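Protein chains: 2
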Amino acid sequence: LKPTLIDAITQDNADEIAHLKNQFEIPAGKIYLDGNSLGPVSISAKHAALEVVQQQWGNDLISSWNKHSWIDLPINTGEKIAKLVGAEPGQLICCDSISVNLFKILHCALQLNPKRSLVLSQEDNFPTDLYVAQGLQRILGVEHCSLLTTSDTDIENQLTEKVAVLLLTHVNFRSGKTYDIEKVTRAAHAKGIIVIWDLAHSVGVLPLALDEWQVDFAVGCGYKYLNGGPGAPAFIYAADRHQNSFLQPLQGWMGHMAPFDFSKKYSPSQGMTQFLSGTPPVISMSVLNSALDIFDHVSIGQIRHKAIALMNFFNELKQASPELDELQLISPKSANDRGSQLAYSHPDAYSICQNLIARNVIADFRRPDVLRLGFSPLFLSFQNIYTSVTELSSILKSKSYRAQQFTAKQKVT
Amino acid sequence: LKPTLIDAITQDNADEIAHLKNQFEIPAGKIYLDGNSLGPVSISAKHAALEVVQQQWGNDLISSWNKHSWIDLPINTGEKIAKLVGAEPGQLICCDSISVNLFKILHCALQLNPKRSLVLSQEDNFPTDLYVAQGLQRILGVEHCSLLTTSDTDIENQLTEKVAVLLLTHVNFRSGKTYDIEKVTRAAHAKGIIVIWDLAHSVGVLPLALDEWQVDFAVGCGYKYLNGGPGAPAFIYAADRHQNSFLQPLQGWMGHMAPFDFSKKYSPSQGMTQFLSGTPPVISMSVLNSALDIFDHVSIGQIRHKAIALMNFFNELKQASPELDELQLISPKSANDRGSQLAYSHPDAYSICQNLIARNVIADFRRPDVLRLGFSPLFLSFQNIYTSVTELSSILKSKSYRAQQFTAKQKVT
Numbered sequence: 017l018k019p020t021l022i023d024a025i026t027q028d029n030a031d032e033i034a035h036l037k038n039q040f041e042i043p044a045g046k047i048y049l050d051g052n053s054l055g056p057v058s059i060s061a062k063h064a065a066l067e068v069v070q071q072q073w074g075n076d077l078i079s080s081w082n083k084h085s086w087i088d089l090p091i092n093t094g095e096k097i098a099k100l101v102g103a104e105p106g107q108l109i110c111c112d113s114i115s116v117n118l119f120k121i122l123h124c125a126l127q128l129n130p131k132r133s134l135v136l137s138q139e140d141n142f143p144t145d146l147y148v149a150q151g152l153q154r155i156l157g158v159e160h161c162s163l164l165t166t167s168d169t170d171i172e173n174q175l176t177e178k179v180a181v182l183l184l185t186h187v188n189f190r191s192g193k194t195y196d197i198e199k200v201t202r203a204a205h206a207k208g209i210i211v212i213w214d215l216a217h218s219v220g221v222l223p224l225a226l227d228e229w230q231v232d233f234a235v236g237c238g239y240k241y242l243n244g245g246p247g248a249p250a251f252i253y254a255a256d257r258h259q260n261s262f263l264q265p266l267q268g269w270m271g272h273m274a275p276f277d278f279s280k281k282y283s284p285s286q287g288m289t290q291f292l293s294g295t296p297p298v299i300s301m302s303v304l305n306s307a308l309d310i311f312d313h314v315s316i317g318q319i320r321h322k323a324i325a326l327m328n329f330f331n332e333l334k335q336a337s338p339e340l341d342e343l344q345l346i347s348p349k350s351a352n353d354r355g356s357q358l359a360y361s362h363p364d365a366y367s368i369c370q371n372l373i374a375r376n377v378i379a380d381f382r383r384p385d386v387l388r389l390g391f392s393p394l395f396l397s398f399q400n401i402y403t404s405v406t407e408l409s410s411i412l413k414s415k416s417y418r419a420q421q422f423t424a425k426q427k428v429t
Numbered sequence: 017l018k019p020t021l022i023d024a025i026t027q028d029n030a031d032e033i034a035h036l037k038n039q040f041e042i043p044a045g046k047i048y049l050d051g052n053s054l055g056p057v058s059i060s061a062k063h064a065a066l067e068v069v070q071q072q073w074g075n076d077l078i079s080s081w082n083k084h085s086w087i088d089l090p091i092n093t094g095e096k097i098a099k100l101v102g103a104e105p106g107q108l109i110c111c112d113s114i115s116v117n118l119f120k121i122l123h124c125a126l127q128l129n130p131k132r133s134l135v136l137s138q139e140d141n142f143p144t145d146l147y148v149a150q151g152l153q154r155i156l157g158v159e160h161c162s163l164l165t166t167s168d169t170d171i172e173n174q175l176t177e178k179v180a181v182l183l184l185t186h187v188n189f190r191s192g193k194t195y196d197i198e199k200v201t202r203a204a205h206a207k208g209i210i211v212i213w214d215l216a217h218s219v220g221v222l223p224l225a226l227d228e229w230q231v232d233f234a235v236g237c238g239y240k241y242l243n244g245g246p247g248a249p250a251f252i253y254a255a256d257r258h259q260n261s262f263l264q265p266l267q268g269w270m271g272h273m274a275p276f277d278f279s280k281k282y283s284p285s286q287g288m289t290q291f292l293s294g295t296p297p298v299i300s301m302s303v304l305n306s307a308l309d310i311f312d313h314v315s316i317g318q319i320r321h322k323a324i325a326l327m328n329f330f331n332e333l334k335q336a337s338p339e340l341d342e343l344q345l346i347s348p349k350s351a352n353d354r355g356s357q358l359a360y361s362h363p364d365a366y367s368i369c370q371n372l373i374a375r376n377v378i379a380d381f382r383r384p385d386v387l388r389l390g391f392s393p394l395f396l397s398f399q400n401i402y403t404s405v406t407e408l409s410s411i412l413k414s415k416s417y418r419a420q421q422f423t424a425k426q427k428v429t
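For the protein sequence lines, the chains are A and B, in the order given.
Residue numbers for the first sequence follow my numbering, so the first one is 17 and each next one is one higher.
Residue numbers for the second sequence follow my numbering, so the first one is 17 and each next one is one higher.
Because the hints were derived from the structure by calculation, they are not lab data.
Possibly wrong hints are sitting among the right ones.
If chains are identical, the list can't say which one is meant, so a pair holds when it fits in one copy or spans any two.
[As the list claims (entries may be wrong)] Lysine-lysine pairs mimicking BS3-like chemistry, simulated, CA-CA at most 27 Å apart:
{"id": "1", "residue 1": "Lys280", "residue 2": "Lys178"}
{"id": "2", "residue 1": "Lys18", "residue 2": "Lys99"}
{"id": "3", "residue 1": "Lys281", "residue 2": "Lys18"}
{"id": "4", "residue 1": "Lys199", "residue 2": "Lys280"}
{"id": "5", "residue 1": "Lys349", "residue 2": "Lys280"}
Remember, it's a predicted structure, so these values are computed and weren't measured experimentally.
Just chain A, same shape as in the assembly:
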């Protein structure tokens, strides 16, 4: 039996974190299924932007480095993220972008395994992860860094004692398929392999226990489920047990043990601050820092619980709508095997997506033929899902999308 609007309302009424959507400023009438690409602005983030620009920068000027603790912003922001990934203090710092951070930690990870040079990754990993490894390979030489990619299903077979570092993304950006971090990490460690997890599509929406799972390194970004704003700085997790065993390659004054001594020789700071290079983008980082405050009022368990319920509701609606049968699920069927998204292939996925957007349902398209829907539980309601499926059905019934051409420039994941 097809769920009804009443069912959606009932689920919204029972949703114990429904009130959190009031913390966000989603434009009236829009349903935002793209929080996995760029999270929306929260009231807290907006106020932070005003506060950092007008009060801190504007009024307190240079003194804000101390007065408003800008100097500690990378650590303070990092520690807020640490709580979301199951990391005890002292192992997470906010800085730079995922790409730049991966360069740093991939080099560190290789230092921990000096007799090996192979970096194993998945061929469908998010491209920047592969590009970083290809860049490091080019500059270090294949004898020191050699990227090997293989298929998703072959990864575990390739975990041999030749591999130095396993570099994987927890949630596939296209399909949403997840790895079991704990299991894969254990299998890698059994072969003496250091692991790096990219948590871009996990942090803030999936339960993570990096310490408990004995993860070595991780990176993630601030602008998806953390709602930190466009291009918000990224982060690095480095397990405490490794922190005295490497030097990160992008040495800069903010990572020096005493930046204001202006000494000629680089001496790395203890702990995570060694991962800093230059002066951080304080405005962007302050906005992310404040955006994270919403997680004080909700657990990742609650978020995940609602995400699964939203996706299940979407699935029930879809299955009861034969006109949607053309959309082929490319995400794993079981919610246990996927992140907070559903992806469907369709030859006209681009046009369907554009039609959805025109009807105020903001979805995402990924080449060549993927319609990607993000379920960000902090601001989505079951009624939003009901409306989205209704619009999607209407588009597919009308076939109007077939008139549209694939022309537009692409936007950012």
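Once you have looked at the hints, place chain B on chain A.
Same frame as chain A, but now just chain B:
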């Protein structure tokens, strides 16, 4: 004869760019001699912060990558800076921090000189420049990258055919002493050396003609004289003639020729966009982008002219104030040999600086004993200088600074 307040007012009345200070929001009563450390907020920058957060991110969400050209922000911001450094289009991009950018271009510069490995720099260069080179040396090995530092006066002697890259900062961060970029670049080129200039303390305040001077590479930051906000993104200049001769090492998806094809193999973008690595901090970069609009209304020539006049006025006042004789000028005497700052040594420089700040004259202290005063002509008046010297005289006469101890944490350059 000691100049008077009337003289200051007269000079202000004759100052053809005096009105530009109204574009800034300097806190009432404060005189800000630290624009060389962190430029103040402009009305334009403040509006940009609101616009990017509320309208672009808040309202247009993910569509802003196209609708508000976020995707082109690094190039568009770079081109605004290009006009300030004498660079034709296509040679400048805004991204990351100076430290991260130096890592990229130092590696590129070494590629242009594959038979040499020596990187020559000044021992009193800003530390991060040296740290970056030390980091690159560590990961590439001394046979590929070997940092040699020498004194300011010995640099020209060391320009030999063993040197691959000359890495210098145009304006010394402590003393303000400048190099003659054109002359030094020519001398370096005569020996087949590639040059990299760090323009942190030059851009926006000193006349620069990078194309004309045949500079190879340059970096600079957005948060000093460009007034782009705390930790504003930095930039890279790479001469057009070199752009097909290297690959930058921090490969990331934003530097790919077709990021949204999500191809597995890195293929660098043509031109400056190859220098992009990850997703840029859009909020911080948008603020910088708007802060640059003030340069549409003033030439660097006008700015430099006023800077020299402000420094001369300061000097005249100081020389007519015997109580200030204890302050030893460590900047070059001739304005032609220094940037837009005056630095003085004094055993109690820290306390003197704190006393100035307490009297609303925001100066800067640099270890071990340097009082550093920045002359940022876009918002400073001759009356500001008059008041600053009056306060400084009063502090030195009263000797009150001697009661203060050197304890506080240091702030950021």
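Taking the hints in turn, this is what the structure says about them:
1. Lys280 x Lys178: Between copies only: 23 Å across, 39 Å inside.
2. Lys18 x Lys99: neither (39 Å within a copy, 62 Å between copies)
3. Lys281 x Lys18: Neither, since 69 Å and 45 Å both go past 27 Å.
4. Lys199 x Lys280: between (45 Å within a copy, 26 Å between copies)
5. Lys349 x Lys280: between (57 Å within a copy, 26 Å between copies)
Checked against the numbered hints given earlier, the structure breaks hints 2 and 3 and satisfies all the rest.
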